[in-house]
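Asks: The chain contents come next:
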Amino acid sequence: MELRYFIIRRLLLMIPTLIGLTIIVFVLMWSLPHTFLASAFINPKAPNRAQAILTAEKQLGLNQGIVFAYLHYLANTLTGNWGYMTLTTPIKFSGTVLSGIGLFFPNTIQLVIFAAILSIIIAIPLGTYIGARPNSAADQLGRIFSLSFYAIPVFVLAVVFQVLFGRGVIKGNPLGIFPISGTFSISAVNVISPPSWLVSGVGGVVLSQPTHLIIFDSLIHGDYALAANAFMHIVLPVLVLTLSLLAGILRFLRASMVDAANSEYIKTARSKGVPENIVVKLHMRRNALIPTVTVLGLLFAGLLGGVVLIEDVFDYPGIGYLALSTILSGSIFGVLGTTFLFGIILITANLLVDITYAILDPRIRY
Amino acid sequence: MIEESALRSNKTMEPKKHSRLENSTATLRLFLKNRIAMIGLAITLVYFAIAIADAVYPEWLGVSNLSTALNFVPGHIANTAQPSPPRFNGSWWYWFGTTYSTMPILPLMLGALRIDLAYTVLIVFVGMGIGVILGSAAGYFGGIFDEIMMRVTDIFFSLPFFVFALAIVYVLGFSFDNVVLALIIIWWPTYARLARGLALETKSFKYVEASRASGASSFRILFGHIIPNVLSPVYVQISLDLGSIVQLFASIFFLIGSLGQSAYPIEIGYMISGGLSYLSEGIWWPVIIPSLFLLVFTVAVNLMGDGLRDVLDPKLRR
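Residue numbers (my numbering), protein chains in the order written: chain Y, 1 to 366; chain L, 1 to 318.
Bound-form chain Y, shown alone (with noise of 0.2 Å):
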């Protein structure tokens, strides 16, 4: 079959797991006091509220039986309607629940794309190196390396990092010179003049322009201070997402490494003279990498859970930030919308990692 085909076909089958997403969290939503449920629903500065409310109960079909109740809320998730928030605690925001996760996601976008590349660029070359080398000395470093990044639970990692190298956490600290929260510091801005594309958002989450990542902002716009204070805000974050998603990637290639060099087509390669390093990296590790995207995945699935811890330890405004506020604050489309925010980010993932499963084995596709 061709890759084009299997992309289709994994589309489609996308569409029962979105539907039962939806399903999941309509349930969350259904089980909570209806009467509370419209007036979480509405604007809480309309202007009649009486009315506003009566025009949310239909919107919602909260009178209707639930079957029509979950259509009206996969047609109001589908048209971008998913209600309004009002956040006190830690965050202040008022608005609707998409526009505040338009202005939560970038941070969250820029922490895990750093966090992805460095472990992926990390993890592979290392991987295959002591992979290749089973039980030498390199070997029992790395296995004892993955084991305990592998073990620590990431908000204990994130503490520690904190401590160890948050600046002014522990007085006289050499290693403490990275700012232990937020994306970076007002004083790195002119607050008196902002620059035109930095627009102050609320709650302390500043939308920069044009792609909303302040790092690639600044350096866009030329302000290179303000990238490199961004930037050392996130290096603690970054580093304590790579170090436990390096931990697994490495701990799944290494053993499907070995996997495969116990395999038949090796000695082959070998008998028949194949150089060592093509060897490795052509037949050990393409054969290795299999099992190993598989389980990204599920990495992935993990990783989203570091987040909001990570971010709740580094102060950091992300969406898990967002989420862990909107609990906070009692504002109940907030828990919901973000909750399915997770879901969708969740499913994309395991599309990307199934269709780069099937370019790297075709047999997949059949």
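Source of the hints: derived by calculation from the structure; they are not laboratory data.
Any given hint might turn out to be false.
[Unchecked claim] Stretch by stretch, here's where chain L covers chain Y in the computed footprint (C-beta under 8 Å, at least three residues):
(1) 13 to 20
(2) 77 to 84
(3) 123 to 135
(4) 158 to 165
(5) 169 to 175
(6) 327 to 338
(7) 345 to 357
[Stated by the list, open to error] One-sided and incomplete, this derived list gives chain L residues near chain Y with beta-carbon spacing under 10 Å:
(8) Arg151
(9) Ala167
(10) Phe174
(11) Phe176
(12) Val180
(13) Leu248
(14) Ile272
(15) Pro290
From a predicted model like this one, the values you see are computed outputs, not experimental measurements.
Note that the Cβ used here is the ideal one computed from N, Cα and C, for glycine as well.
Use these hints to put chain L onto chain Y, whose structure you have.
Replies: Chain L in isolation, oriented as in the chain Y frame:
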């Protein structure tokens, strides 16, 4: 955080085809020879022994009421006396220093361990009970029930479980029991998948056919033949899951603590979050010491689980 999901991938464990006794003694011997796994097992057993001691004879800790001992959460400081750093010259109580309300950390931590381990075991076994019964039934009966069960577990696997657990806790209301319930809800599908695969295999064994031919009811076959055969690989999965659940459990209470919610039984993740706000004053021990305590346990459980998997995976025996 990442490992929970990774462990879920371990769904295809093959039941062995040789005689059971011969196989299990060989396995045991191999496991006992694995020195690293034995260290892991020993540490895990020590932790469980402490937890059992807490449950049987709580007075040994010398803390009369553990649940009120946690008043050092920000905003609930009863006593603002300066916490003392670790010192090894006095009573064992103060070896690891004290918290802000001058509660000694070591006995608090040992007491907290009971809550962590007791609820972890509860979550794993209730999840296992639900998962094994539903999964085995799905595998055994097949048909539409199987189809529905598998789609349901598919959906659960496509959810980011940590965020999902938080959402469940929010909807049910913040309470200790609801956290436990949420973790059971997100964790049972792992076992359902595993049990279903094993039940499919067991179904075709001769003795199951013989039992059916002699007129045994489906109920009897399911509970008498299928489930007992499904259980032993599931136990291995459990030993792998213990570390993950402890982490997940501690992570959720860490978040709850850092969100400023209080009035929960003392728990390690919660203890850690309680010390966070004093980090900037250079008071590191209320955070770092419980963290290391938790870390040693999760590493030990993983070492033990790895060893078990090594001896039970025939491919690695070569």
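Asks: I'd like to know which numbered hints this structure contradicts. Please list them from smallest to largest.
Replies: Hints 2, 3, 11, 12 contradicted; others consistent.
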